[in-house]
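Trainee: Keeping the supplied structure of chain A fixed, place chain B upon it in accordance with the hints.
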Amino acid sequence: MEIPVLGWQAIVILVVFGVSLLIATYSTYAERVVAAFLQDRVGPDRAGPYGLLQPLADAVKMFTKEEFFPGGANRALFVFGPCLAMTTALMSSAVIPFGNILQFGSNVFFLQGIEVNIGMLWVFGVVSLGVYGIMIGGWASNNKFSLLGAIRAASQNISYELAMGLSLIAVLMISGTLSLREITLQQSVAGEWHFWNIVKQPLGFIIFLVCAFAETNRTPFDLPECETELVGGYHTEYSSMKLGLFLFAEYVNIFVASAVMSVIYFGGFNFPFQYELRDWLVAHQDWSLLAAQNLITILGTLLLFGKIFFFIFFFMWVRWTLPRFRYDQLMRLGWTILIPLSMVNILITGGLILAGVIK
Amino acid sequence: MTLAERAYLPAIFQGLSITMRHFFMKKATIRYPEETRPFSPIFRGLHVLKRDEQGRERCTACGLCAVACPAEAITMVAGERKKGEEGLYREEKYAVSYEINMLRCIFCGLCEEACPKAAVYLQPDKMAPPRFERDEFIYGKDRLVEPVDPDARSGRGIQLTPEQAEALRNKMNQQPVAAR
Numbered sequence: 000m001e002i003p004v005l006g007w008q009a010i011v012i013l014v015v016f017g018v019s020l021l022i023a024t025y026s027t028y029a030e031r032v033v034a035a036f037l038q039d040r041v042g043p044d045r046a047g048p049y050g051l052l053q054p055l056a057d058a059v060k061m062f063t064k065e066e067f068f069p070g071g072a073n074r075a076l077f078v079f080g081p082c083l084a085m086t087t088a089l090m091s092s093a094v095i096p097f098g099n100i101l102q103f104g105s106n107v108f109f110l111q112g113i114e115v116n117i118g119m120l121w122v123f124g125v126v127s128l129g130v131y132g133i134m135i136g137g138w139a140s141n142n143k144f145s146l147l148g149a150i151r152a153a154s155q156n157i158s159y160e161l162a163m164g165l166s167l168i169a170v171l172m173i174s175g176t177l178s179l180r181e182i183t184l185q186q187s188v189a190g191e192w193h194f195w196n197i198v199k200q201p202l203g204f205i206i207f208l209v210c211a212f213a214e215t216n217r218t219p220f221d222l223p224e225c226e227t228e229l230v231g232g233y234h235t236e237y238s239s240m241k242l243g244l245f246l247f248a249e250y251v252n253i254f255v256a257s258a259v260m261s262v263i264y265f266g267g268f269n270f271p272f273q274y275e276l277r278d279w280l281v282a283h284q285d286w287s288l289l290a291a292q293n294l295i296t297i298l299g300t301l302l303l304f305g306k307i308f309f310f311i312f313f314f315m316w317v318r319w320t321l322p323r324f325r326y327d328q329l330m331r332l333g334w335t336i337l338i339p340l341s342m343v344n345i346l347i348t349g350g351l352i353l354a355g356v357i358k
Numbered sequence: 000m001t002l003a004e005r006a007y008l009p010a011i012f013q014g015l016s017i018t019m020r021h022f023f024m025k026k027a028t029i030r031y032p033e034e035t036r037p038f039s040p041i042f043r044g045l046h047v048l049k050r051d052e053q054g055r056e057r058c059t060a061c062g063l064c065a066v067a068c069p070a071e072a073i074t075m076v077a078g079e080r081k082k083g084e085e086g087l088y089r090e091e092k093y094a095v096s097y098e099i100n101m102l103r104c105i106f107c108g109l110c111e112e113a114c115p116k117a118a119v120y121l122q123p124d125k126m127a128p129p130r131f132e133r134d135e136f137i138y139g140k141d142r143l144v145e146p147v148d149p150d151a152r153s154g155r156g157i158q159l160t161p162e163q164a165e166a167l168r169n170k171m172n173q174q175p176v177a178a179r
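Taken in sequence, the protein lines are chains A and B.
Heads up: the first sequence is residues 0 to 358, going by numbering that gives the first Met the number 0.
Heads up: the second sequence is residues 0 to 179, going by numbering that gives the first Met the number 0.
If we strip away everything but chain A, and leave its shape as in the complex, we get (with noise of 0.2 Å):
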């Protein structure tokens, strides 16, 4: 049986734009349910058990709101603004590597939408595209409210994304490649016990950890949506599906943003002791080596959504605890702060590969 390599790369690529939206649906319960716990209430319960259909009610109830367009509006780029948000959200997820390889006889199969070597520019040319379906949003609403949040939106998300791809440039020196799929295999070679990127780059991934909450416009970085100031940010004048789109994209790209976080400093899809694992079914248990590979590939991907879940969880915490930033206080973190600090991230690590401490 031979299945052409276009044909599984479309399946896995609409598994995977499916999974992404299924995790964004089921975070927004997640959030409400976060948010009460820590908060010691309930959170929903009423709609199916535990909650779990709340999802589903709030659809309907975004399907069925009214649709509104404020006079003076350009209606083209204001139906634009949130597909764009969402497509570029959902697009950043088709190169996360989310296992390892399954094989079949001779066919192998890759676990990632499309493997290219030049993964995490992928996902920095798309984030940073994405900010347009904010700005184009906040354009086309004809409202100042909405306007001053999309600038903010924009400002933030530019400076915010220096940092970001400074303290990353860091793993890059450290990996040599920019292909996902190659940096999370870097993370554990047969044999030998590679740690995981986040010994090697703890003050990268603290940057990385921060400029992902900025990028993601959460808190204590959610200014465009600040509503004691801007009313509702740059989704003021939407309503009904065009708004859930907006919410929608930011729950894809904390999806997203957790993803890249698990990859690049977490290990992806390794796990301690897996070639122990391995080679353990083998010798003891009668497994043929292509089946232990199989259920290790298998293993890794779930430990890599439990760290993905990890860290849309850590997101939900921190918004629940921390209070937002003054926009002010927003942009001197950003450029004072965290972009000077990636840059001696950077002479750090130069120097300890030059030294020879870490490779």
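Hints are computed from structural coordinates only; laboratory data are not their basis.
Honestly, I wouldn't trust all of these hints.
Under the rule of at most 30 Å between Cα atoms (straight-line distance), these lysine-lysine pairs were calculated in the DSS-like manner [stated by the list, open to error]: (1) K306(A) x K26(B); (2) K26(B) x K60(A); (3) K25(B) x K306(A).
Label pairs and their in silico Cβ distance ranges [stated by the list, open to error]: (4) F23(B) x G104(A): 46 to 52 Å; (5) F23(B) x G47(A): 21 to 27 Å; (6) Q38(A) x Y7(B): 21 to 27 Å; (7) A127(B) x A46(A): 48 to 54 Å.
We treat Cβ as the ideally placed atom computed from N, Cα and C, and that holds for glycine.
Mentor: Just chain B now, with coordinates in the frame of chain A:
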């Protein structure tokens, strides 16, 4: 500020640990329709006009409750007890009609304190239910008097002739439909 304070991170981790502790704490919520919270021991709820131990209405329509009422929610019409109605009314004078306007009532309990016959009483476990129409808030005797089974004939207490039981049954069945 010291470097640790300026870096924010220790404070952030402290805050995260506090919220994480709250994640596992017992929730204060009472899931209302399934669980109800016990009323306070001094709670004053919906009024009731009590009967005595023989099933006769205690109220003698003296009007002290209406006088004591700061919201002027109580109105009544007094009447004389006929011969043969001794099993229905305790005193020779009784309330032909007794109405409390629940829209005006502030549940202060002064009527209960003013009553010399211990007839009007604010139940500690029952709220005045919500209604849709304003006139449904005027509670007459049909809804205020403690209900009694018309056919009940205890040895020491209530003795009703079949006609009286029939009359009482009709009276109790005459409640307006919307009031149920």
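Trainee: Hints first: check each against the structure and report whether it holds.
Mentor: These are the hints, each one checked on the structure:
| no. | hint | verdict |
| --- | --- | --- |
| 1 | K306(A) x K26(B) | holds (27 Å) |
| 2 | K26(B) x K60(A) | holds (28 Å) |
| 3 | K25(B) x K306(A) | holds (27 Å) |
| 4 | F23(B) x G104(A): 46 to 52 Å | holds (48 Å) |
| 5 | F23(B) x G47(A): 21 to 27 Å | holds (24 Å) |
| 6 | Q38(A) x Y7(B): 21 to 27 Å | holds (22 Å) |
| 7 | A127(B) x A46(A): 48 to 54 Å | violated (31 Å) |
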